[in-house]
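Undergrad: Construct the complete structure from the given sequences, taking the supplied hints into account.
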Amino acid sequence: DAKTTQPPSMDCAEGRAANLPCNHSTISGNEYVYWYRQIHSQGPQYIIHGLKNNETNEMASLIITEDRKSSTLILPHATLRDTAVYYCIVRVWDTPLVFGKGTRLSVIA
Amino acid sequence: NAGVTQTPKFQVLKTGQSMTLQCAQDMNHNSMYWYRQDPGMGLRLIYYSASEGTTDKGEVPNGYNVSRLNKREFSLRLESAAPSQTSVYFCASMRGQGPQPQHFGDGTRLSIL
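So the protein lines, in turn, are chains Z and H.
Residues in the first sequence are numbered from 204 upward in steps of one, following this note's numbering.
Residues in the second sequence are numbered from 316 upward in steps of one, following this note's numbering.
Source of the hints: derived by calculation from the structure; they are not laboratory data.
As the structure is a computational prediction, the values presented were derived from the model and not from experiment.
Among the hints, a few may not be true.
Some, not all, of what chain H presents toward chain Z, calculated at C-beta under 7 Å [unchecked claim]:
hint	residue
1	LEU358
2	LEU360
3	GLY422
Every residue, glycine too, gets a C-beta built ideally from N, C-alpha and C.
TA: Below is the structure:
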């Protein structure tokens, strides 16, 4: 079973920041938080990952709470092309990914 | 740089037929994975290979076999296809050293009648 809890769906206005929450209250000390997204029926696309520090790359920012029990993926300026299912996954780095149902983000013009 | 390539992209089989799905990666990755995704669901791991010469079962291995042919290629075989195996199949690879991301192919859409 997935070790994370995400809302099933969210809407975001185009051009605004999309903040996607993830709860992982049972995370252990050696588990990383990974975010992937799946646009329509394409293969999942890696977005970002982190252990305990906040991370930023060209796609998104990842904010992890100090107790590491939850995190937020931030897409700073959402576009229509960001409409996708977003998966939050926690794992030890050398173990397979376990996908839940994710959050379906709809970016609205 | 092609990344992870899956063939075929689409396939229709009859119940009881056999089929091998091919996956190749050109990133010199050590680990490779096979997932299936049913409508409205997340991906489920079928088999994986942490390194050349090794394979391990995932969450849903029944009805499938795999072969890690070499470092580049990881195939998935359905010996006797069943309608319950109608799904989209994704292959992925990962460098296998450190907290690296997995890279996914575009999937094979398989229908079994």
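Undergrad: Next, verify each hint and record whether it holds.
TA: Going down the list of hints, with the structure as the test:
no. : hint   : in the structure
1   : LEU358 : holds, 4 Å
2   : LEU360 : holds, 5 Å
3   : GLY422 : holds, 6 Å
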